[in-house]
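Construct the complete structure from the given sequences, taking the supplied hints into account.
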Amino acid sequence: MRLSAVFRSTCLHFILLLALTLFLAPICFRNFLYSPLFSRQLNLQRLSREFLYKNLKDGSDALQHFHQILAMSSAFPPNTSTPCGHRPVGGLHPSGVSGSTTLVVTIITTRRRLEYHYLLQVARGFLDRVSECGQDCSTFQVLICNVDPLPEDHSDACLLSQFLPMVARYQSKHLDTAPNRFEQEKQDYSFCLSRTLETYNPEYVLLVEDDAVPLKDIFNVFFHLVQVRFPHEPLGGGLYVKFYHPERLQGYINPEPMRILEWIGLGGLAGMVLTWVYTVALRQQNFRWSVFVVFFIYTMLLAELAGRHYLLELRRISPALYNIVPVTECCTPAMLFSETSARRTLSYLEEIQCKPGYAKDIALYQELKKRGELAWALEPNMVKHIGMFSTLRGSYEGEEPQLL
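Quick note, the sequence shown lines up with residues 1 to 404 if you use UniProt numbering.
Everything labelled a hint here was simulated from the structure, so no lab data went into it.
Honestly, I wouldn't trust all of these hints.
[Unchecked claim] Straight line, CA to CA, 20 Å or less: simulated EDC-like cross-link-like pairs of lysine to aspartate or glutamate:
| no. | residue 1 | residue 2 |
| --- | --- | --- |
| 1 | Lys216 | Glu132 |
| 2 | Lys370 | Glu351 |
| 3 | Lys57 | Glu115 |
| 4 | Lys355 | Glu313 |
| 5 | Lys370 | Glu329 |
| 6 | Lys216 | Glu350 |
| 7 | Lys216 | Asp128 |
| 8 | Lys369 | Glu351 |
| 9 | Lys369 | Glu256 |
| 10 | Lys216 | Asp136 |
| 11 | Lys355 | Glu367 |
| 12 | Lys384 | Asp58 |
| 13 | Lys54 | Asp128 |
| 14 | Lys57 | Asp128 |
| 15 | Lys384 | Glu329 |
| 16 | Lys370 | Glu350 |
| 17 | Lys384 | Asp136 |
| 18 | Lys369 | Glu350 |
| 19 | Lys384 | Asp217 |
| 20 | Lys384 | Glu313 |
| 21 | Lys216 | Asp61 |
| 22 | Lys370 | Glu256 |
| 23 | Lys384 | Glu50 |
| 24 | Lys216 | Glu313 |
| 25 | Lys57 | Glu400 |
| 26 | Lys54 | Glu115 |
| 27 | Lys369 | Glu329 |
| 28 | Lys54 | Glu400 |
| 29 | Lys384 | Asp128 |
| 30 | Lys384 | Asp61 |
| 31 | Lys355 | Glu115 |
| 32 | Lys384 | Glu132 |
Here it is, written out as structure tokens:
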């Protein structure tokens, strides 16, 4: 009788649950790149190499894709370099609806590691997404903004100039007027945003860097964002919406209040469900707050060990489930502006002087705080950041980049 009572003890059940979790969690989550239990020693180098290899293959496929299209047009013989052209501004759907431009996707590009063809991957991704979107995206445009100091030497941009409109900041010899690379990047960013507005005067601008590949649901979520989430005022009056935040910075243990509230809400909801299951399974008559508190804490612990990034991915089931949260300062691979907010952003950038430790993302975030502006971040991410070689901070010869 006493032994039966011991086995029915709630305290024993929770001790066994905790012990089993602490034993299994490191085994289950050691391959989860964005989990605190990720095993760097066992997996980081392997996953980084697999990521680079896939990048290399995707880049090669994108290059072959555009060369095949070019060969079909018979404009240039196969395997020859393509001169930089400037395609007249026009729609991606010539037979589609004419009129105002809803969205311009502007890809900011400069030369990177040639063998990865980052720009071609990004351009192909957006063209595929527009094609899948069909008539709903008939008023969309894709613009290449070449900010390379020697634009004629940017072979991938020159290739794309045969298919897409392109603007170049430096038409011939580059005169370096920026005092540092961070200010140079800010000036390039301002140029691309300004030229997009001048050329198309669109309702929205999605300014993306040339290593941000769009995910399949990007335009479905865009329409839900501007038509359902912010139906009355573009972007809810905010300065911009970030479509990307580094996965490694998406954890619950973070100074962002919204994430703490989300974490507590998850613990409360899952804790209530687990308490009900436990009560029914053991045929108990009364709800016990002590059981709920234990499951509440247990769920929060398990969620953090698994990694918030992976729970966010479940929201892709529907655009309505995507999170809109106050923005944080890092980073700028993909930023959505309305026409009016883009013009405000340009005026702010004119007053900012960037320098090491004060890049454009930090500068814009601090301008928000200073001016009392709003800005948002969309979760989960709408683009995949594929660049592992920074044009801003450079790379070292022989250095093997890693995902973390």
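Each hint tested on the structure:
1. A distance of roughly 9 Å separates the Cα atoms of Lys216 and Glu132; the hinted pair therefore holds under the 20 Å criterion.
2. For the hint linking Lys370 to Glu351, the alpha-carbon distance of about 13 Å falls within 20 Å, and the restraint holds.
3. Between Lys57 and Glu115, the direct Cα distance comes to roughly 9 Å. Compliance with the 20 Å bound is thereby established for this hinted pair.
4. Taking the CA atoms of Lys355 and Glu313, the gap is about 35 Å. The hint is violated against a cut of 20 Å.
5. Taken as a hint, the Lys370 and Glu329 pair is honoured in the structure, with Cα atoms around 13 Å apart against an allowance of 20 Å.
6. Our distance criterion of 20 Å between C-alpha atoms is broken by Lys216 and Glu350, whose separation comes to about 35 Å.
7. For the hint pairing Lys216 with Asp128, the CA-to-CA distance comes to about 9 Å; that is within 20 Å, so the pair holds.
8. Proposed proximity of Lys369 and Glu351 is supported: the alpha carbons are some 15 Å apart, at most 20 Å.
9. With a C-alpha separation of about 15 Å, the suggested pair Lys369 and Glu256 falls inside the 20 Å cut-off, and the hint holds.
10. Using a Cα cut-off of 20 Å, the hinted pair Lys216 and Asp136 holds, with the two alpha carbons roughly 15 Å apart.
11. Proposed proximity of Lys355 and Glu367 is supported: the alpha carbons are some 15 Å apart, at most 20 Å.
12. At most 20 Å may separate the alpha-carbon atoms for a hinted pair to count; Lys384 and Asp58 meet this at roughly 13 Å.
13. Of the pairs offered as hints, the one joining Lys54 and Asp128 holds, with about 19 Å between alpha carbons and a cut-off of 20 Å not exceeded.
14. Restraint check for Lys57 and Asp128: satisfied, since their Cα atoms lie roughly 18 Å apart, inside the 20 Å limit.
15. Between the alpha carbons of Lys384 and Glu329 the distance comes to roughly 18 Å, so the proposed pair stays at or under 20 Å and holds.
16. About 15 Å separates the Cα atoms of Lys370 and Glu350, which keeps this hinted pair within 20 Å; it holds.
17. Among the hinted pairs, Lys384 with Asp136 is inconsistent with the structure: their alpha-carbon atoms are about 23 Å apart, more than 20 Å.
18. Taking the CA atoms of Lys369 and Glu350, the gap is about 17 Å. The hint holds against a cut of 20 Å.
19. A C-alpha spacing of about 12 Å is found between Lys384 and Asp217, which places the hinted pair at or below 20 Å, so the restraint holds.
20. At roughly 13 Å between alpha-carbon atoms, Lys384 and Glu313 fall within 20 Å of each other, so this suggested pair holds.
21. Annotation: proposed proximity of Lys216 to Asp61 holds, straight-line Cα distance about 18 Å (limit 20 Å).
22. For the proposed pair Lys370 and Glu256, the alpha carbon gap of about 18 Å is at most 20 Å, so the pair holds.
23. Only pairs whose Cα atoms come within 20 Å are accepted, and Lys384 paired with Glu50 is accepted, the gap being roughly 15 Å.
24. Simply put, Lys216 and Glu313 have alpha-carbon atoms about 13 Å apart, close enough for the 20 Å limit, and the pair holds.
25. The hinted pair formed by Lys57 and Glu400 meets the criterion: a straight-line CA distance of about 18 Å does not exceed 20 Å.
26. Between Lys54 and Glu115, the direct Cα distance comes to roughly 12 Å. Compliance with the 20 Å bound is thereby established for this hinted pair.
27. With a CA separation close to 11 Å, the supplied pair Lys369 and Glu329 stays within the 20 Å bound.
28. Our distance criterion of 20 Å between C-alpha atoms is met by Lys54 and Glu400, whose separation comes to about 15 Å.
29. About 15 Å separates the Cα atoms of Lys384 and Asp128, which keeps this hinted pair within 20 Å; it holds.
30. Straight-line distance between C-alpha atoms of Lys384 and Asp61 comes to about 17 Å, which keeps the hinted pair within the 20 Å bound.
31. With a CA separation close to 30 Å, the supplied pair Lys355 and Glu115 exceeds the 20 Å bound.
32. The straight-line distance between the Cα atoms of Lys384 and Glu132 is roughly 18 Å, inside the 20 Å bound, and the hint therefore holds.
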